[in-house]
Amino acid sequence: MIRVDVRRKAFGATEILSNIDFTMEAGETLAILGPSGIGKSTLLRLITGTDTAFAGAIDRPKNMAMVFQEPVLMPWRSALQNIMLVHPEISSETARAVLQRVGIAEKAGLFPRQLSLGQQRRLALARAFAGRPELLVMDEPFVSLDAATAEEMLTLTEELIAETRPATILVTHSQAEADRLASRVLRLAGKPATIAGEGGQAGQ
Amino acid sequence: MLQKPATARILSLVALLVCWIVAAALTADPSVLPAPWALIDPFRQAVASGELPYHLGMTIWRVIWAFLLAMFVGVSLGFVMGRFPAVDRWLDPWLVVFLNLPALVLIVLCYLWIGLNETAAITAVVLNKIPNVTTVVREGARALDPDLSAMARVFRMKPWARARHIVLPQLAPFIAAAARSGIAVIWKIVLVVEFLGRSNGVGFQIHLYFQQFDVTMVLVYSLSFIMVMLGVEWLLLQPVERRVWQWRTA
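First to last, the protein sequences are chains A and B.
All residue numbers for the first sequence refer to my numbering, where the first residue is 1 and numbers rise by one.
All residue numbers for the second sequence refer to my numbering, where the first residue is 1001 and numbers rise by one.
Be careful, since some hints might not be right.
Unchecked claim - With a Cα cut of at most 25 angstroms, we get these calculated SDA-like pairs of lysine to any residue: (1) B:K1158 - A:R77; (2) A:K191 - A:I16; (3) B:K1188 - B:A1025; (4) B:K1158 - A:L80; (5) B:K1158 - A:A97; (6) B:K1188 - B:F1210; (7) B:K1158 - A:E70; (8) A:K62 - B:A1163; (9) B:K1158 - A:N63; (10) B:K1158 - A:K191; (11) A:K62 - B:R1164; (12) B:K1188 - B:H1207; (13) A:K62 - B:S1149; (14) A:K62 - B:K1188.
Worth flagging that the hints you see were computed from the coordinates, not collected in a lab.
Here chain A stands alone, though its shape is the one from the complex:
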């Protein structure tokens, strides 16, 4: 089980987050909705543990993965190495199988810059799922994509979540994305941001 209890998060005197408290079951997909600038990315940094300066407590599994807004790949390592260096425990056959799964098997030896942006995103997805994470965090992964690519990536993500079944936190400002992927939606609003509403199936 994942439990997030952020009582207060401030940068200097400016309070960003206040009383954000929720739990998640294994395998559950939760969407966090809210307008840009509300503090969604800040909340994600707390959840993933990259920022530890806050009041409260967070219980999270050790085996985490994240998909960022940008692919965030190591441009100086090949596609295959981008997966294997991050997951030293998996074999090269497994890594190749994951590349195969996202449809870029033949690109294993290429550097990220030799891939199209769509292929780089697929690689980032492959990296996230390769370690079979218990918690997957996605920070607006489909923002800045054209409609067709976004739809492709959304479908692929849906399938991968169904196959791997991590607990997933999807941060987005798109209601449609939340509807597609999540079984539960938290809405952030206010200043400082707090949970303003919670729905079962999104949109209810």
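Chain A is fixed; fit chain B onto it per the hints.
Chain B in isolation, oriented as in the chain A frame:
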């Protein structure tokens, strides 16, 4: 064809040689500026007698030591100062002091305090070079990509893997720049150090021939060393850089 790097490089060296020949012809006094071919025989004799290889070897040995030490200390210091602003605040004034201390002063002080020995010679060169390396690498350490660091942390990459695959590739251009300018500066300082207080090395030989007003031998020794350094640049530094940069140009 003139766009080819190798061709341009050779032509530019030939142009330099032509300037030299013209200057020598205008001077018309071999004791002031001998023509390039007048150096060939003295060079042969110096090689045959073993003098030139011995002194060249001593200088190269000092350059290698000073280079390795300066790079090691400079890169570590630059990284720490770039990553930890608190350390930077405290060490930055020292850096400014050492950056502005003339090489000659450091050399003389090292000889006075440590003695006329090898330790003092290498220390003087290393102390002269560390501040430059530190300044350059600090810039790189400040500019590390926070997204990649966050990625490494979320995926729990091991410290060694992070250093090798996340940090080092980002610092590489800065380390390469520091190494490139480092080797050029270091061998010049090594020559001064040898000139002032060693009994072997290219700098010592130049000192000797300077006292005898022997321009030819001064040129023979300096040109031999420049050739060695060009060899290092073309056969070692540039091929290594090309390999490291493969991912950018692929």
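Each hint tested on the structure:
A hinted pair counts as satisfied when its Cα atoms are at most 25 angstroms apart, and K1158 of chain B with R77 of chain A qualifies at roughly 17 angstroms. A hinted pair counts as satisfied when its Cα atoms are at most 25 angstroms apart, and K191 of chain A with I16 of chain A qualifies at roughly 7 angstroms. For the given pair, K1188 of chain B sits about 29 angstroms from A1025 of chain B by alpha-carbon distance, which is inconsistent with the 25 angstroms threshold. Between K1158 of chain B and L80 of chain A the CA atoms are separated by roughly 18 angstroms; this keeps the pair inside 25 angstroms, and the hint holds.
For the hint pairing K1158 of chain B with A97 of chain A, the CA-to-CA distance comes to about 24 angstroms; that is within 25 angstroms, so the pair holds. This hinted pair checks out: K1188 of chain B and F1210 of chain B have alpha carbons roughly 16 angstroms apart, not beyond 25 angstroms. Annotation: proposed proximity of K1158 of chain B to E70 of chain A holds, straight-line Cα distance about 23 angstroms (limit 25 angstroms). Between K62 of chain A and A1163 of chain B the alpha-carbon distance is near 21 angstroms, which keeps this suggested pair within the 25 angstroms criterion.
A distance of roughly 14 angstroms separates the Cα atoms of K1158 of chain B and N63 of chain A; the hinted pair therefore holds under the 25 angstroms criterion. For a cut-off of 25 angstroms, the pair hint linking K1158 of chain B to K191 of chain A is broken: about 38 angstroms separates their Cα positions. Simply put, K62 of chain A and R1164 of chain B have alpha-carbon atoms about 23 angstroms apart, close enough for the 25 angstroms limit, and the pair holds. The straight-line distance between the Cα atoms of K1188 of chain B and H1207 of chain B is roughly 14 angstroms, inside the 25 angstroms bound, and the hint therefore holds.
Restraint check for K62 of chain A and S1149 of chain B: the C-alpha separation of about 17 angstroms stays at or below 25 angstroms, so the hint holds. Proposed proximity of K62 of chain A and K1188 of chain B is contradicted: the alpha carbons are some 54 angstroms apart, above 25 angstroms.
Checked against the numbered hints listed earlier, the structure breaks hints 3, 10 and 14; every other hint is satisfied.
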